[in-house]
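**Q** The residues making up each chain are set out below.
Protein chains: 2
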Amino acid sequence: MTASAQGVQTTSAKSSASHPERVFNFSAGPATMPESVLREVQDEMLCYPGAGASIMEISHRDKLFVDVLHDAESTIRELLKISDDYSVMFMQGGATLQFSAIPANLLRGSGKRAQYIQTGSWGKKAVKEAKKEGDVDLLYDAAESNYDHVPSASDLACPDDAAYMYYCSNETIQGVQFQSEPNCPDSVPLVSDASSDFLCRPLPIEKYGLLYACAQKNAGPAGVSVVIMRKDLLEKADPNIPGYLHFKNHHDNDSEWNTPPTFAIYVLGKVARWLRDDMGGLEKMESINREKSQQLYSVIDSSNGFYRGHAQTDCRSLMNVTFNLPSDDLTAKFISEAGEHKLAALKGHRSVGGIRASIYNAMPREGVNALASFMNDFASKNS
Amino acid sequence: MTASAQGVQTTSAKSSASHPERVFNFSAGPATMPESVLREVQDEMLCYPGAGASIMEISHRDKLFVDVLHDAESTIRELLKISDDYSVMFMQGGATLQFSAIPANLLRGSGKRAQYIQTGSWGKKAVKEAKKEGDVDLLYDAAESNYDHVPSASDLACPDDAAYMYYCSNETIQGVQFQSEPNCPDSVPLVSDASSDFLCRPLPIEKYGLLYACAQKNAGPAGVSVVIMRKDLLEKADPNIPGYLHFKNHHDNDSEWNTPPTFAIYVLGKVARWLRDDMGGLEKMESINREKSQQLYSVIDSSNGFYRGHAQTDCRSLMNVTFNLPSDDLTAKFISEAGEHKLAALKGHRSVGGIRASIYNAMPREGVNALASFMNDFASKNS
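The listed protein sequences correspond, in order, to chains A and B.
Following full-length UniProt numbering, the numbering of the first sequence begins with 1 at its first residue and continues without gaps.
Following full-length UniProt numbering, the numbering of the second sequence begins with 1 at its first residue and continues without gaps.
The hints are simulated quantities; they were obtained by calculation from the structure and are not laboratory data.
Everything numeric in this text was worked out from a predicted model, so none of it was measured.
Keep in mind that the hints are not guaranteed to be accurate.
Pairs count within a copy or across copies, as identical chains cannot be separated in the list.
[Stated by the list, open to error] The list that follows gives simulated cross-link-like pairs (lysine-lysine, DSS-like), each with its CA atoms no further than 30 Å apart:
#1 Lys284 x Lys125
#2 Lys381 x Lys131
#3 Lys236 x Lys207
#4 Lys236 x Lys131
#5 Lys347 x Lys132
#6 Lys347 x Lys124
#7 Lys347 x Lys236
#8 Lys63 x Lys112
#9 Lys333 x Lys63
#10 Lys63 x Lys124
#11 Lys207 x Lys284
#12 Lys125 x Lys236
#13 Lys128 x Lys112
#14 Lys125 x Lys63
#15 Lys63 x Lys347
Work the whole structure out from these sequences, hints included.
**A** In structure tokens:
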């Protein structure tokens with residue numbers, strides 16, 4: 001990240017004047033966070049209120065930290081309207097650990113087959129790990145079109161006796177997103193990797209068996225994942241799977257089976273509160289996310305083919321706007337000149353190329369405005 | 001943690017005046033950290049130099065973060081004089097994940113038996129997980145004396161063909177520490193859980209096959225573990241073990257097989273630098289740790305039996321000083337009155353009871369002085 005310094009504004013009502021060196025950071029993850037949250041963390045760094053120490057320095061069993069953890073959980077429950085039928089757990093190891101934990105808990109020894117929908121890079125990785133734990137079918141694979149779309153409901157025929165049906169709701173690299181849950185038989189738990197669109201919109205949690213997200217895209221720093229799991233599924237696992245992978249250990253001990261990543265949970269809780277209190281909750285956040293993403297997609301669509309979106313239009317992501325320019329030289333020039341306008345971390349993933357603008361909840365409208373202006377200007381100068 | 005506020009001093013030459021609300025924090029982990037490190041983290045919270053963003057907000061692939069990771073690794077290599085025969089990896093999941101990862105990599109499918117030395121609570125947990133992965137022998141078990149000692153070399157007879165020999169160098173809960181490595185045949189990899197005494201003294205790394213530590217006791221915040229592994233052992237694992245547990249994935253990708261816990265690694269690196277630059281390295285740190293712990297053990301030994309140390313004298317820990325008082329009432333009174341003197345988090349673990357004073361590297365001498373004075377005073381008033 002090399003963009004130069006100018007004052008920026010955040011969307012947070014609480015934030016004071018922005019730090020003069022901060023840029024608009026379009027990183028796909030770890031990603032931009034609400035500046036007001038960073039300021040709170042900064043203020044409390046040496047002394048968390050009442051602790052006489054940093055939140056990093058106190059025991060995870062200290063009531064002050066236990067309250068932080070419970071508050072993070074209850075704020076997430078409130079945002080997503082999660083009922084008591086579901087456990088909400090905090091774990092380490094990112095989405096990658098979940099790629100193994102999910103089949104270890106729900107597939108190994110079940111005598112059933114798991115059904116995977118593969119719509120991008122993260123789904124592919126999940127399939128690879130699942131195959132180590134049991135029988136896996138590819139219910140859908142979008143590889144032939146270079147993962148530029150998600151299936152329509154009619155493309156899916158999940159058997160009634162599947163161990164579970166798995167999909168990734170938003171593929172960060174490709175910038176494709178399911179607009180709603182794929183059809184899944186009532187008898188089959190629906191499992192979602194929501195890492196890169198968690199908390200970007202309301203979700204009907206009751207449709208899911210398990211939904212998880214690493215925090216570092218839309219919900220906090222790297223090092224913590226949120227796992228939302230229907231409680232009846234907790235009982236399914238063979239107790240001989242590796243202990244850290246066993247969801248029931250985490251559920252039964254309120255995410256303190258072992259020392260949790262205390263600082264990451266503390267920041268995650270602050271981001272959730274910011275979303276509820278400053279942004280007004282998930283309905284409002286979705287509306288803002290639609291406006292922000294539409295602004296960039298409009299620039300793409302009105303560029304007379306100068307910008308070419310990677311995702312098909314009906315499954316464009318609210319979070320990751322992916323597009324290509326006419327040549328690699330122009331792509332490099334775009335990234336370089338964007339940096340001079342304090343627009344940072346726009347390079348696309350090597351497997352897709354081009355540009356990826358990640359505009360998670362914490363990306364302020366001003367950042368999207370600035371990028372849209374820059375894109376229009378760049379296209380008119382270089383067409 | 002409820003102790004009240006007064007000015008304190010850290011041992012760091014760099015630190016400015018201490019925050020007035022900070023207490024002396026004897027938590028066993030997460031634990032006290034160098035105040036100068038917390039101040040640096042605070043200063044950089046909104047903008048890591050050159051990033052235009054917090055270190056939490058930038059990609060783990062960004063050169064700025066990759067440099068942070070490499071610097072943390074090289075500082076640890078320098079402190080412990082680790083040769084290129086060893087990999088140094090950063091992982092998530094704490095020691096608990098290692099309890100499974102180690103036997104998954106080195107025992108599963110090996111046709112061998114693993115030999116475990118059980119000298120406290122953490123060793124017991126490790127044994128439980130290892131048994132899920134293969135055949136385990138208890139080479140030594142100190143349960144009968146309530147884990148108040150470690151074996152002498154003559155108590156151990158590890159077979160030459162063991163998969164590995166495992167021990168926990170410092171049992172945090174019981175406060176017992178190996179004074180040097182247990183005898184281990186050359187043909188057998190020695191594996192150590194050094195979570196609670198990592199970086200407290202120099203170590204002959206060449207004696208180890210694998211040594212690991214979660215950071216949150218002596219090396220940083222919760223959420224990252226350091227794994228030091230002889231490179232030839234990386235090749236031993238069945239590739240079908242869960243990917244996150246497979247050390248080779250982490251080694252081959254320079255601890256970026258998946259998104260690492262970036263903020264935790266950043267803080268860990270700062271703690272390592274503090275240890276090298278401000279404290280003068282591990283020889284000096286060990287000398288200070290010996291002085292600090294001896295000061296408290298002297299109070300115990302000269303208290304005419306008022307304080308009774310848990311650990312036998314020849315295996316007392318430099319890090320966790322555990323002792324009992326004549327009654328539970330006096331223990332409660334001790335903890336309460338200590339809190340009034342800004343001496344916090346002294347309650348012993350429920351399995352041992354009494355008091356535990358964890359005096360990791362970052363506990364300043366002033367904190368130990370204050371605790372020793374308080375102990376003498378409390379004993380004279382209550383004997």
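**Q** Taking 30 Å as the upper bound on the Cα-Cα distance, should Lys347 and Lys124 be classified as within, between, both, or neither?
**A** within (22 Å within a copy, 48 Å between copies)
**Q** Cα distance capped at 30 Å. Does Lys381 pair with Lys131 within a copy, between copies, both, or neither?
**A** neither (50 Å within a copy, 66 Å between copies)
**Q** State whether the alpha carbon distance between Lys125 and Lys63 is at most 30 Å within one copy, between copies, both, or neither.
**A** Between. Shortest inter-copy distance 25 Å satisfies the 30 Å Cα cut-off; intra-copy 38 Å does not.
**Q** Give the relationship of Lys63 and Lys112 under a CA distance limit of 30 Å: within one copy only, between copies only, both, or neither.
**A** Classified as neither; 43 Å inside a copy, 44 Å across copies.
**Q** Could you place Lys284 and Lys125 in one of the four classes (within, between, both, neither) given a Cα distance threshold of 30 Å?
**A** neither (33 Å within a copy, 46 Å between copies)
**Q** At most 30 Å between CA atoms: does that hold for Lys347 and Lys132 within a copy, between copies, both, or neither?
**A** Close neither inside one copy (33 Å) nor across copies (44 Å); limit 30 Å.
**Q** Using 30 Å as the alpha carbon limit, work out where Lys207 and Lys284 are close: within a copy, between copies, both or neither.
**A** within (22 Å within a copy, 59 Å between copies)
**Q** Between copies, within a copy, both or neither: which fits Lys347 and Lys236 at Cα up to 30 Å?
**A** neither (42 Å within a copy, 38 Å between copies)
**Q** Please work out whether the CA atoms of Lys236 and Lys207 approach to 30 Å or closer within one copy, between two copies, in both situations, or in neither?
**A** So Lys236 and Lys207 pass the 30 Å test inside one copy only (19 Å; across, 42 Å).
**Q** How do Lys128 and Lys112 come out at 30 Å by Cα distance, when the copy is not named: within, between, both, or neither?
**A** both (17 Å within a copy, 28 Å between copies)
**Q** When no copy is specified for Lys63 and Lys347, does a C-alpha distance of 30 Å or less occur within a copy, between copies, both, or neither?
**A** between (44 Å within a copy, 14 Å between copies)
**Q** Tell me, please, which holds for Lys236 and Lys131 at an alpha-carbon limit of 30 Å: within, between, both or neither?
**A** both (18 Å within a copy, 21 Å between copies)
In the structure shown, a violation is registered for the earlier hints numbered 1, 2, 5, 7 and 8, in ascending order.
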